[in-house]
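Q: Residues per chain, in single letters:
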Amino acid sequence: MVPITTLHYLVVAAALFVLGVIGVLTRRNVVIVLMSIELILNAVNLNLVAFSRMWGNLHGQVFAIFVTVDAAAEAAVGLGILIAFFRNKETINVDEIDLLKW
Amino acid sequence: MNPVATPFFFYMLAGLAVISGVLVITRRNAVHSALALIVTLLSVAGLYLMLYAPFVAGVQIIVYAGGIMVLFLFVIMLVNIERSSKERRFNRMWPVGLAAACTLLALFVSAFAKGKALFPDRMMSLPESSNTQQIAAMLYGDAGKMGPYTFAFEVASLLLLAAILGAVIMTKKKI
Chain E
0 MVPITTLHYL VVAAALFVLG VIGVLTRRNV VIVLMSIELI LNAVNLNLVA
50 FSRMWGNLHG QVFAIFVTVD AAAEAAVGLG ILIAFFRNKE TINVDEIDLL
100 KW
Chain Z
0 MNPVATPFFF YMLAGLAVIS GVLVITRRNA VHSALALIVT LLSVAGLYLM
50 LYAPFVAGVQ IIVYAGGIMV LFLFVIMLVN IERSSKERRF NRMWPVGLAA
100 ACTLLALFVS AFAKGKALFP DRMMSLPESS NTQQIAAMLY GDAGKMGPYT
150 FAFEVASLLL LAAILGAVIM TKKKI
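The listed protein sequences correspond, in order, to chains E and Z. The first sequence begins at 0 in numbering that gives the first Met the number 0 and counts up one residue at a time. The second sequence begins at 0 in numbering that gives the first Met the number 0 and counts up one residue at a time.
Some hints could be false.
List of simulated lysine-lysine pairs, BS3-like, C-alpha gap at most 25 Å [what the hints assert, rightly or not]:
# : chain 1 : residue 1 : chain 2 : residue 2
1 : Z       : Lys85     : E       : Lys88
2 : Z       : Lys171    : E       : Lys88
3 : Z       : Lys144    : E       : Lys88
4 : E       : Lys88     : Z       : Lys172
Since the hints were made in silico from the structure, they are not lab data.
So that you can see chain Z by itself, here it is in the shape it has in the complex (with noise of 0.2 Å):
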């Protein structure tokens, strides 16, 4: 199925995403953060589907807005936000800081005026309707035999169980 309107869909969604992350980082209350963080997220899934990756879309959604936000939610919620919500937004050194950043997106700028030859302007189109079938198959493995990540994936399993572990330990008043 071809994609339609690509450029109008694109530029919204693009500056959705820009315009919530200048939120996330201007807000005084966590809490707008964390809300405009999830219209960022959102966002950025509507761009994947674009694409062509549903399933790292359905991931973002379910992982990043349904999981993560509601933890950095819940931790909102316990921290007092009370006190920070009156106190100073931004460091002392914000004026050195932003320079650097500014520094940095001029590099990024220049590397992209200059390299913009590099990157074919063919997009290729992937096969959306097994696209979940094909990851799966680089994951798992296909037809008995090892995917190319299949180390990789139980490697990532143990990072979650040594972050879970982690986190519970890190929590608990005495250990």
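Pulled out of the complex, with its shape left as it was, chain E reads as follows (with noise of 0.2 Å):
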């Protein structure tokens, strides 16, 4: 059997990325674009560590830490504006969100 070397997990990552770029580009429901760039960033993640090892080093490891610090920030935040606009709309879809004020 063929060892598993970087380049599996970069394969790996890649098809998680390119899965939430369609989940990002296709869906309608807010809620699963929010968890398609979950997706994404997890790919990165994936990247970051798998590089980490190739180098045998653990700078790729304290980004993935940094990254994941950020996924938080950026739910929260994505959440509380999905909420803020499901209070004034009533319906979570992207089609819909294309007022800045009214």
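Please dock the two separately framed chains into a single complex, following the hints provided.
A: Structure below.
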């Protein structure tokens, strides 16, 4: 059997990234769009940790932790915006988010 | 400790992650998507363990699967999913989005196929028993000296503070 190399992990991360991009571009439900963004950030994390192992140092893992912090901040603010939007328009459809102020 | 049966576990975890990733973006019910996303996050945590990153795997499980996904589930319960689960799942431009994503995938595949030789076959084995200790030394500094990421760590804490304030202000009815 082929030994598992860095490239294997990169292919998995690329697949997760493309799935996230498809979700962001095609879904209409804002909650699922935010979940797709989490998928994208996870793909990035997987890349960083795989490179960290390839080079044998821990900088990639520290960066992965920073990306996780970013993901938490992004999810909190995004869901806050979503709740404010739902209170005003009674919908969570991406197609209907087209006003900045009214 | 050397990992056992690496290819088997790798293909199992990778397959689980990708299959539940597909479920995340195709399910009609947002709660099902959230559950599939939890499976993806846990499989990715398993992949981190195989990459000698136990601390990142723990952070992944505690922060992502424990914190962020609970936040998602609460918001799904707050907003009205009855209506959105009856509507169309995809927007009208979905063929264009799919084509763009497939182009991106083709770009990745060609880059990996062309640049295969750039990635060395060797995989360093990192010491996993002192992993958390070494990450702490990089984040907080070691023996009174600042680590390479101490400043970035403080900035990240400010970012989290700003995010908390933003989320609270955003969800308040009247400011």
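Q: Is the straight-line distance between the alpha-carbon of Lys171(Z) and that of Lys88(E) 25 Å or less?
A: 16 Å, holds
Q: CA of Lys88(E) to CA of Lys172(Z), is that 25 Å or under?
A: Distance ~14 Å between Lys88(E) and Lys172(Z) Cα, so the pair holds.
Q: Is the straight-line distance between the alpha-carbon of Lys144(Z) and that of Lys88(E) 25 Å or less?
A: Judged against 25 Å, a Cα distance of about 53 Å means the pair is violated.
Q: Measure nothing beyond the straight line between the CA atoms of Lys85(Z) and Lys88(E); if it is 25 Å or shorter, mark the hint as holding.
A: Judged against 25 Å, a Cα distance of about 18 Å means the pair holds.
When held up to the earlier numbered hints, the structure conflicts with hint 3 and nothing else.
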